[in-house]
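Asker: Assemble chain B onto chain A, guided by the hints.
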Amino acid sequence: MSLISATNLVKVYGSGDTAVSALNGVSLQVEPGEFVAVMGPSGCGKSTLLHLLGGLDRPTSGSVMLDGHNLGDLSDAKLTELRRRKIGFIFQFFNLIPVLNAIENAALPVTLDGVRQAEAQALATEWLERVDLADRLDHRPDQLSGGQQQRVAIARALVAEPALILADEPTGNLDTRASEEIATLLRQVANEWNRAVIIVTHDPRIAAYADRIIFLKDGIIVDQTVLDPKMGRNDGQAIETVSSKMLAFAD
Amino acid sequence: MNIQMTLAARYLRGRKMRTILTTLAIVFGVLMIFGMNTILPAFSTAFQANSLAASGQVDATVTLKSAGAFDAAVAERVAAVDGVRVVSGLLNRSMNVTADYFDGDPSIPDAISALTLVGLDVDQATALHSYRVIEGRFLEPAAANSGGAAEAVLSQSLSEAIGIGLGETLSLPAAGGETELTVVGILPSRVLPGNEEVLVTLAQAEKMLAMPGRINTIEVNYNSLDETRRAAIERAILDELGDTYQIGALEANSELLTNMRLAQSIFNVLGILALLMGGFIIFNTFRTVVAERRRDIGMLRALGANRRTIFGTITTEGLIQGLIGTALGLVLGYLFGLLIIYLLSPVLQQYMNVRIGSPVVTAGLVIASLVVGVGVTLMAGLLPAMNASKVTPLEALQPVVGVISLKRLIGIGFWAGLAMIILAVVALLTRNVSLIGLGAILFIVGLILIAPTLVNPIARFFSGLLAVIFARSGTAQLAEGNLSRQPARAAITASTTLIGMAILIMAASIISSVHLGFGQVMRKSLGSDYLFVPPSVAVWGTNVGAGAELADELRRIDGVAVVSSLRFAPAQVDEVAVSLMGIDPTTYPLVSGLTFSEGDASAYNTLQNGRAAIINPVLATTLGASQGDEIEMITPAGRQTYQVAGVGGDYLNAKIATAYISHANIAADFERNEDVLLQVNLAAGADKMAVESDLKAALVQYPQFRLISGQAYIEENLRLFDAAFSGMYALVIFLAIPSLIAMINTLAIGVIERTREIGMIRAVGATRHQVRTVVLAEALILSALGTIFGVLAGLYLGYMGVEAIRFAGFPMEYVFPTMGVAIAIGAGIVFGVLAAIIPARQASRLEIVQALRYE
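Protein chains in written order, with my numbering: chain A, 1 to 251; chain B, 1 to 855.
By construction, these hints were calculated from the structure, which means they are not laboratory data.
Any given hint could turn out to be false.
To be verified - List of simulated lysine to aspartate or glutamate pairs, EDC-like, C-alpha gap at most 20 Å:
{"#": "1", "chain 1": "B", "residue 1": "Lys390", "chain 2": "A", "residue 2": "Asp57"}
{"#": "2", "chain 1": "B", "residue 1": "Lys390", "chain 2": "A", "residue 2": "Asp76"}
{"#": "3", "chain 1": "A", "residue 1": "Lys245", "chain 2": "A", "residue 2": "Asp223"}
{"#": "4", "chain 1": "A", "residue 1": "Lys78", "chain 2": "A", "residue 2": "Asp113"}
{"#": "5", "chain 1": "B", "residue 1": "Lys16", "chain 2": "A", "residue 2": "Asp142"}
{"#": "6", "chain 1": "B", "residue 1": "Lys390", "chain 2": "A", "residue 2": "Glu81"}
As the list claims (entries may be wrong) - Quick list of the computed label-pair ranges, beta carbon to beta carbon:
{"#": "7", "chain 1": "B", "residue 1": "Arg13", "chain 2": "A", "residue 2": "Arg187", "range": "36 to 42 Å"}
{"#": "8", "chain 1": "A", "residue 1": "Gly172", "chain 2": "B", "residue 2": "Ala419", "range": "35 to 41 Å"}
{"#": "9", "chain 1": "A", "residue 1": "Asp135", "chain 2": "B", "residue 2": "Ile20", "range": "31 to 37 Å"}
{"#": "10", "chain 1": "B", "residue 1": "Met760", "chain 2": "A", "residue 2": "Asp218", "range": "25 to 31 Å"}
{"#": "11", "chain 1": "B", "residue 1": "Met760", "chain 2": "A", "residue 2": "Gly172", "range": "17 to 23 Å"}
Think of the CB as a built atom: it goes at the ideal place given N, C-alpha and C, for glycine as much as any other residue.
If we strip away everything but chain A, and leave its shape as in the complex, we get (with noise of 0.2 Å):
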C-alpha cells in the first residue's frame, strides 16, 4: 500500500466570477523512500497540492489518504495531531521561531506533542548531530546562515520519525553551494532513512535529485518522469533531463 495516496483532489478558490481553480483533479500516489519533485509553471498549483497532502487545507472534492487516514474525515485536532507525528514540513523560509535555538526549534514537534524536554531535546540533538549542526546546538536562527537554519528545519521535520516529508521550495531562499547540500541531505532521507519526500521547486537541478518527477501544468499532471536511479544526481544529464521536460510543458 502507498504510504499517501491522492484521489482526484479539485481545489477551487473564491466563488462565481473571481473563482480560481487551482487543482483540477489530480491523484498520484508516493511510496516510502521515494524521493518526488512536483515541478511545474508558477500558478500551476504545485504548492497547493503539497498543501492539501499535508492536511494544512482541504480540497473542494477528491481525498487524501495518508497511512490508511482520510485527511477528509479528520477533525481539526486529528489533523493536527497527524502533522506532530506523521508529516514533517520545511519551507521556503526555513519559519523558524526567532527566540528559540537550534534544539529547541528543532525539538518543537516532539515538544507540543507532550514528550518531557529533557528527551525532546535528545532526539533534537541526535538528528541535528547527523545534519551536521553538532557545534550549532545553542544559535539562535539569527546565529545561523541561510543553509544552517534549513538544516535545522530538516532535522525538526524529522525529529518525530514521521513517514512523510513536504518541503515547499526548500533551497529557494540559498545559494547554489548551500541549496546542493539540502538536496543531497533530503535524498539521504528518503534512501537512507527509508522516509517519503515530496518536494515542490521549480529548480532543475534540485529536481535532479529525486526518483521522480511530476510536472503539473493548470492544475493537472500533464507528466511523470522516473529518473534512472544510477543517473549522478548532479551531473549534467539528470539535470538536462528535467530542463527540457520544464521546457516541453512550459507556455
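Answerer: Just chain B now, with coordinates in the frame of chain A:
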C-alpha cells in the same frame, strides 16, 4: 505547558521595550488603586487613635449623641440603674496646641502637638480604674483638696516628651487664659494608641474649659459578666437617659473621615480608569503581537500545535506581564502611598493636628489588587489570543496582508453609542449626583462606540489639512487611506487617547471651577484685616478657645473697629453629625460673611430672634432642607427645634455639614462660651503697626491662638490649594502617557502589514523621507481623532463634574478650561509626533527588495 512558558518568556524578552511599555500600563492602574487604598486606613487609624474612650477598659461609655457636655448629675442617674456597679463621670477635651508650644524651638520637631485633658471625680475614677503611680501621688479627692491647688498627673512618656517632671509646672491653654498645673504624680508610660492624657480633678477641668458642673463622658462597669444580662443593663441605661444619649465613644473627626472616603472614591475611579486604559493598551499590544507573529503561529500550527497551545502561549504572555505589572504596581503603590502621606502630613498636622502613620497594607487589599491587575490583563489579551488560535497553518506560507474592512460602518454600534450619549445628557438634567456619575461612563462608552463611524470623515478632513502642510507629496492621502481601511483599529487606538485627554480636560474644568468658586468664598470668609486662628481650623472640637474676656480686651485696643468671634459646639440633626458655629449676627457680616444660595443677609437678623439657624449647602443637601423649614437638633438639654433662616456657607466649613446660630443660642442650648476663632477689622486710618503690636500683646495669655493678617491667611490657603492641585495635574498627565503606547503599537502594526506596499512605493520613487512622512501623517491623524473625542468628552465630563459637586452642596461655578483645552491639543500634536518616531524609522529603513519579497 512548558513550551508555552518558554515561548512566552522568550518573546517577552525579545521585545524588551514593548514589554516594558505595555507592562507600565498595568503598573499605573494597580499603583493608583492599591496606593490610594493603603492611605485611607492610615488616616482612619490615625483619626481613631485620637478618639477619647478607653474602650476595652470599661464595660460601657455613655456620651451624648451630639458629643456635647451635660450635667454632672446625669452620672448619678446612671449609677442608680439596676446592674450598674460603679460609674465615673469625666470631662474630656482633646486639645491641640500650637507649634513649638512645649519646646519653644522652631528648629526642633514637636514631640507633642495634641493631648487630652481628662477631668475626673477622683473617688469615682479610682473606684473604676486602678492608677498605679510610680512617682509622687495621685490626685486628691475634692474634699481633701479644698485649697483648689491646680494639680496634674502625667504618664512617664508624656513627662519625658515635654521635659516636665514631678514637682514641675505644666502650662496649658485654657478658656480663661493659660493655666499652670503642678505635676504631683507620674503614671507608667502610655502604651495605648491615641493622645497622651493630663489628668486633673473634675473641678479643675470645668474651670479650664469654662464648663462648670459639666461632664461629657460616663464610664460604667456592670456587676455581671453574662452577655444577655449586660445587654439588658445597657438597654436600661438608655431607657433611663432617653434617646439623645448613646453608649459608645466620643469620636472626633468623623466628618473628616467622610471626606476622606469621598477622596478615596475619586481616586478609586481614577485608578479604574487607568486600569481600563491599561486594558486597551494590552489589547492593542497583543493585537500587534499576533499580527507580527502570524507566520510563527501558522508554522507552529503546521508543525502540530493545537489551538489550545497557541491560545495558551498568548495568554501566558499576558499572565506574565500581568503578574509583573501588578507586583511592580503593588510596590510602587506602597511608595506612592508613602509619598502622598509625606506630602499631606504637614497640611494635616497644621490644620487638624493629626499624625498619620505609614500606609496600611491588608491581605485583602493585596489580593484584590492582584485580581484586578492580573484580571484586566488576562481579559484584555483574551480576544487577541482567540484570534491567534484561529490562525491557520497556511498563514505560515502566505504573505501577511492587512484585511480591508468594508462593512457598513453605521451599524448597531453607532446607534447604541448615540443612544448612550443622549441618555448621558438626560442624566445631567436630573440633577441627581449618582445618575450624573453613571451618565459620565455612558458618555465615554457612547463616544467609543460611534468613533469608528466618524473615523473616515474626520480622517478625510485632517488629511486635507495635512496635505496643505506636506504639500504636493501625496503622503497625506496615503495616510488617510491607511486609516480608513481599518476604521475599527483606528478607533480603538484613538479611544485610548480619548480617555487620557478626557481625564485631563475634566480635571482642568473641575480644578478651575473649584479654584474660582472656593476662591470667591474664601476671600469673603477670610476677608478681615486680622484673624486669631486656633491650631485646628477644620476640626473645631479639638481646640481650646478663649473666654469672652479676650474679645473684650481686643475691642479696647485703639484702632480696632470690629471684633467678631466664632464659637463651636458639636450637634446632631436626624442622625447627621453637624458642626454648630456660633456667630454674632451683628458683627459677623462686617468682618466676614456667608455666601448665600437661599435667602440673603436679612437672615442674620432672623438669627437674633428665637431659635433660628442658617445651614450650609452641604447640610441642606444632606437633610433635604431649605429656607423656612424646621430642623430638630439634639442638645445637652434635649431636642430643640430651629428654623432655617437661609442656606449659606463659608470657606472654613465648606466641606462639613454646618449650621450657624447666634452666640446667645449656642450659650443657652449648648452651653458654649468659648471663642474658637476671632476676626478683627481695623478702623479707617488706624496705625497698623501699633495695632498689630497691641494685638500680639493680648495674645500672650492665650498661646492657643496664632495672629495672622487676613491677606496672609488667604495666600496661605491658596498656596495649599495650588499644591494639592498640582499633584492632581501630575497624576492626570501620568494617565495620558499610556495613550502614547497605544498609538505606537497601532502604527507598528500598520507598518508590518504594509511592508510590501512600502517596498513598492519606494521602488516607484518615494524617498525615505516621504515614507517617514506618511507614517507621521497617520500618527497625527490618529492623534487628532483621539484628541477631538477626548476634548469633547472631557468638556462634557468637566461640566457634569462641576454640576455634581454643586448639587452635593459645595459652592461652584463652571469655568471653561481654556488652558486645559490648549494643553490637550498641544499634547495631542506632541504625542502624534512622538508615537510616529519609531514606526516611521522602521518603515523608512525597509530595504526595497526585501520588502517586495516579503512573504
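Asker: Hint says 17 to 23 Å; check whether the CB-CB distance for Met760(B) and Gly172(A) agrees.
Answerer: With Cβ atoms ~21 Å apart, the hint holds.
Asker: Taking the beta carbons of Arg13(B) and Arg187(A), is their distance inside 36 to 42 Å?
Answerer: holds, 39 Å
Asker: Within 31 to 37 Å or not, the Cβ separation of Asp135(A) and Ile20(B)?
Answerer: holds, 35 Å
Asker: Does Asp142(A) lie within 20 Å of Lys16(B) when you go C-alpha to C-alpha?
Answerer: holds, 17 Å
Asker: A range of 25 to 31 Å was offered for this pair. Does it hold for the Cβ distance of Met760(B) and Asp218(A)?
Answerer: holds, 29 Å
Asker: Would the hint linking Lys390(B) and Asp57(A) be met if the CA-CA limit is 20 Å?
Answerer: holds, 14 Å
Asker: Honestly, do Gly172(A) and Ala419(B) meet the 35 to 41 Å range at C-beta?
Answerer: violated, 55 Å
Asker: Would the hint linking Lys78(A) and Asp113(A) be met if the CA-CA limit is 20 Å?
Answerer: holds, 12 Å
Asker: Is Lys390(B) within 20 Å of Asp76(A), Cα to Cα?
Answerer: holds, 11 Å
Asker: Regarding the pair Lys245(A) and Asp223(A), is the alpha-carbon distance no greater than 20 Å?
Answerer: holds, 9 Å
Asker: Is Lys390(B) within 20 Å of Glu81(A), Cα to Cα?
Answerer: The hint holds at about 16 Å.
The earlier numbered hint that this structure contradicts is number 8, and it is the only one.
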